[in-house]
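There are 4 protein chains.
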Amino acid sequence: MSQPLILALSCADRPGIVARVTGYLAQCGCNIVEAQQFDDLLENKFFMRVAFDPGTTDREEIREGFGPIALEYGMAWTMQRRDRARRVLLMVSKFDHCLADLLYRQRIGEINMDIVGVVSNHPREAVTTHLLDGIPFHHLPITKETKPEQEAKLRALVEETRAELVVLARYMQVLSDDMTRYLSGRCINIHHSFLPGFKGAKPYHQAHARGVKMIGATAHYVTADLDEGPIIHQDVEAVTHAATPEDMVRKGRDIERRVLAEAVRLHLEERVLLNGGRTVVFKG
Amino acid sequence: MSQPLILALSCADRPGIVARVTGYLAQCGCNIVEAQQFDDLLENKFFMRVAFDPGTTDREEIREGFGPIALEYGMAWTMQRRDRARRVLLMVSKFDHCLADLLYRQRIGEINMDIVGVVSNHPREAVTTHLLDGIPFHHLPITKETKPEQEAKLRALVEETRAELVVLARYMQVLSDDMTRYLSGRCINIHHSFLPGFKGAKPYHQAHARGVKMIGATAHYVTADLDEGPIIHQDVEAVTHAATPEDMVRKGRDIERRVLAEAVRLHLEERVLLNGGRTVVFKG
Amino acid sequence: MSQPLILALSCADRPGIVARVTGYLAQCGCNIVEAQQFDDLLENKFFMRVAFDPGTTDREEIREGFGPIALEYGMAWTMQRRDRARRVLLMVSKFDHCLADLLYRQRIGEINMDIVGVVSNHPREAVTTHLLDGIPFHHLPITKETKPEQEAKLRALVEETRAELVVLARYMQVLSDDMTRYLSGRCINIHHSFLPGFKGAKPYHQAHARGVKMIGATAHYVTADLDEGPIIHQDVEAVTHAATPEDMVRKGRDIERRVLAEAVRLHLEERVLLNGGRTVVFKG
Amino acid sequence: MSQPLILALSCADRPGIVARVTGYLAQCGCNIVEAQQFDDLLENKFFMRVAFDPGTTDREEIREGFGPIALEYGMAWTMQRRDRARRVLLMVSKFDHCLADLLYRQRIGEINMDIVGVVSNHPREAVTTHLLDGIPFHHLPITKETKPEQEAKLRALVEETRAELVVLARYMQVLSDDMTRYLSGRCINIHHSFLPGFKGAKPYHQAHARGVKMIGATAHYVTADLDEGPIIHQDVEAVTHAATPEDMVRKGRDIERRVLAEAVRLHLEERVLLNGGRTVVFKG
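Going down the list, the sequences are from chains A, B, C and D.
Quick note: the first sequence uses the numbering used here, first residue 81, plus one each step.
Quick note: the second sequence uses the numbering used here, first residue 81, plus one each step.
Quick note: the third sequence uses the numbering used here, first residue 81, plus one each step.
Quick note: the fourth sequence uses the numbering used here, first residue 81, plus one each step.
Check before you lean on any hint, since a few could be wrong.
Since the list can't tell identical chains apart, any single copy or any two copies may satisfy a pair.
Said to hold, decoys possible - DSBU-like mimics (lysine-lysine), calculated; alpha carbons at most 30 Å apart, straight line: (1) Lys174 - Lys233; (2) Lys174 - Lys125; (3) Lys331 - Lys125; (4) Lys233 - Lys331; (5) Lys224 - Lys125; (6) Lys331 - Lys279; (7) Lys279 - Lys227; (8) Lys125 - Lys363; (9) Lys224 - Lys363; (10) Lys227 - Lys125; (11) Lys282 - Lys174; (12) Lys282 - Lys125; (13) Lys363 - Lys233; (14) Lys363 - Lys227; (15) Lys363 - Lys279; (16) Lys227 - Lys174; (17) Lys363 - Lys331.
Treat the hints as calculated values from the structure; they're not laboratory data.
Isolated chain A (complex conformation) (with noise of 0.2 Å):
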């Protein structure tokens, strides 16, 4: 088998658009490995992601082909090797449960990416983990009145490193308006509770002060409207009245670490794309 490619795509439903995309891979001698279609019929939209093993025919034909399709149908779509490490950067302040998470899995082969950097807000010895070794760690200090040129100097990276994700593993500063408009629909934060319920800061301690029985943990993509970007993973956690904030912090840090790695690689394989303000989630 050679390496399969990923297809996905979104646009209007219509009849026949599953035959259409399915015909013109069988066409081109390609075997579906798995196949995944979601029509919204509230929404009149249409969104499939494809995994085809291309047999031996060239990947390049086969994604030129298939131009035409996606402009008759108006489809948004991708095609790209499941197997190719994507680029991505990690963004952390204090609390590195996620980072080091991810780093480990990255380390196992458990998640295929290529981490291209890993910035903070904080030095690097504020960073527990060890397995930074041979990632570059770029220490950019944020203040209120730096905040425009320290989001520059974050931009270059990007741009310097081509990242095709960047992953706010527990990254307390708020990214402006321009920021998150330049890092649209690729840029991952997990927030510390299960959204919409405590947005923004210390939402353990919120969660203590309502006295729920269950936390939880939200991974979302950056929109310009905090806390407010479309949903890709949750997870809960019970608790009980003998919680203290702190045991909340505590338990919460697996369920973040969890929710993050599990929204990282559902977008790194392509199963999420996006619906309005809403994702569309291929779980395979």
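Since the structure of chain A is provided, determine the placement of chains B, C and D on it from the hints.
Leaving out everything else, chains B, C and D in the frame of chain A:
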């Protein structure tokens, strides 16, 4: 073994409470079969629930003897027979899955309660379940104009039936402030969202619009502040992008009925103690 | 929109199946509203479920035209109207929580089925629920000696009612090998443990003795090999050391009824396909 | 507040134990900050865990004074400082996700332990994590022939380091009966299935073959009877038909590490008491 008594108490924390309480019970010849306590170190409050076999000692005597201790420590307390079926009034609107579920659980002996009546703002024909046989059904229709009268009737019913608990089993009318004050601490509502997310009307439609990946339900005591009362129990289930609001409603029914039933059971077994706007729940 | 048809199929995997199937449907003027497929790369088998709006094309014509394609690919397949209520026979012994639950879900339209009868080895008085009104109740008592006769009666009943599915809703008698063969692929049982743990009798007591920290339930197709049939759905809940076997039974009732109801719904919506001793479940 | 002590005890149940224990502590001027007890009414056994602030009273004095009480009631008991880091020896084979996880949690202060060494039957190079710095690493290779010698070395290491707990963090060698006896009650293993399902080797492959819809992990004390020791903690996650054994291995890593970490934390905080072949776990 005699039928156990349940002592539930709360007071300001100070050294020696457990020793004092359990010492008294030992001295009365009682045997503790279940005990839980919670020191809220942040609020400096103490909570305790003890189930004990009174042995050959007279129940009334034990209760009387405990009075001075409770006074000394400034305790709020109750001491009741565990096997006594509490009088419960159930309220419902059009969707009767929670009602049918509570009736069934009572019928098979899972929840020990004496259902003194079912109240609805819709006529009896609106109710699907047949388990109502023998339970007084009260049709109390309501409009904006007749709300004060309707609530007066409801109040009269609570008094006449000496209901100890009122359960809003998907009763879709907002109670007035007066009514919530009157029922304070003895009225449980099921809200069909994972509070504090999606307060107010049509929470599943809100959840769908926001694109959350889990939906839930919350059982809480009713207060004047809508959907803000002390939470007793919550649960959630995962949903995907493919779930329509109607799918969420269907899935939600299962969550709602098990969350409400658990909250009612916990309350009736004296396992829920109020701690300001939160609850202490001794699950056992 | 016309009432959709559901095409469910499985066959040996080979390139072009999806294109062939969806191409045929497009050519018939059908519009796909939901589609899922699964390539079992380990077994080289292909599974697909498509719900489609036939538009103005005659249903029978679509079905006939599909025959040759199915033949060509060696498919096992069905094509049925989605809205047709399947005929279901429910069986129960003493504990009727699953039965009452299924009856209620049918009553409110959550599960679309035509309950053609309820069979029990106990008399009607043993059943708590009142939702039986209008449904034929068959008391088929059983002893070791009368088992062959009882099963003959059951078989006659299945044929007479043309039941498409038999649900063992806590029917506590083991079916004979002959009977399981006869009902192969159309008989669902709920086992009150998280299989393969705690097969056989009194699983909650087994679970208590072993000291597990979670209990569960398993819905599976019935086969001659007891508690070994293809699993459709499972769920669990946490328990603590304080749970007695009776507490587990109580908690288990909730798990059993939701697991069985989900399995029945999935089966009736043609979402469950057999894959040897396992199942493919297209959850939607 | 002084550093609390933790008293953990078990004995045959009889009236007045709680009063006796808490009365003694009150008399010593201690203030209870957390207390849990469990009456096993089926086995007639009593279990208790109390965390208390000794105030100005000398710890040794409290301990000595408790001796006669423990003797009177036939208690098995310990009384230890809550803040003392217990000495822990970690063992690993090739898969180090549990090891890396425990090291990280210790590093950030989440689990309070003094890691006195890491033992592996593979050389240090096999370990991915870099958090080993400063922790003695012992390569103890093993073959069928050298097992007695290897275990002798291991035993010497346990004695030399005075390890209070040995954690088999995916250590894939079966300990001899002698060794399990030697480590009885102070050796925790993580098994990568939801026991009692799928004992023995390759549980994820067993789970795949059986077609279960959930996979899990189990942390338990090691006994001579393989995978039969008292269970401390378990958790599961849903899987679908699409999950290959490799997908299950990946998902399982997350479950394994959080289940093992929780079991280790519970054990080190004296929250786990043995009750025959089961455990009492005071979660707090």
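Going down the list of hints, with the structure as the test:
1. Lys174 - Lys233: within (20 Å within a copy, 41 Å between copies)
2. Lys174 - Lys125: neither (41 Å within a copy, 34 Å between copies)
3. Lys331 - Lys125: The answer is between: 24 Å across copies meets 30 Å, while 38 Å in one copy does not.
4. Lys233 - Lys331: For Lys233 and Lys331, neither the intra-copy (34 Å) nor the inter-copy (37 Å) Cα distance is at most 30 Å.
5. Lys224 - Lys125: Classified as neither: same-chain Cα gap 42 Å, cross-chain 41 Å, threshold 30 Å.
6. Lys331 - Lys279: Result: close both inside a copy and across copies, 18 Å intra and 26 Å inter.
7. Lys279 - Lys227: within (22 Å within a copy, 36 Å between copies)
8. Lys125 - Lys363: Both: 19 Å inside a chain and 20 Å across chains, each within 30 Å.
9. Lys224 - Lys363: Classified as neither: same-chain Cα gap 40 Å, cross-chain 43 Å, threshold 30 Å.
10. Lys227 - Lys125: neither (39 Å within a copy, 45 Å between copies)
11. Lys282 - Lys174: So Lys282 and Lys174 pass the 30 Å test inside one copy only (14 Å; across, 39 Å).
12. Lys282 - Lys125: Between. Shortest inter-copy distance 24 Å satisfies the 30 Å Cα cut-off; intra-copy 37 Å does not.
13. Lys363 - Lys233: Answer is neither: 35 Å inside a copy and 46 Å across each miss the 30 Å cutoff.
14. Lys363 - Lys227: Neither: 37 Å inside a copy, 44 Å across copies.
15. Lys363 - Lys279: This pair counts as both: shortest intra-copy Cα distance 26 Å, inter-copy 29 Å.
16. Lys227 - Lys174: within (18 Å within a copy, 45 Å between copies)
17. Lys363 - Lys331: Cα proximity of Lys363 and Lys331: in one copy and across copies (25 Å, 13 Å).
This entry does not satisfy hints 2, 4, 5, 9, 10, 13, 14, going by the numbered hints stated previously.
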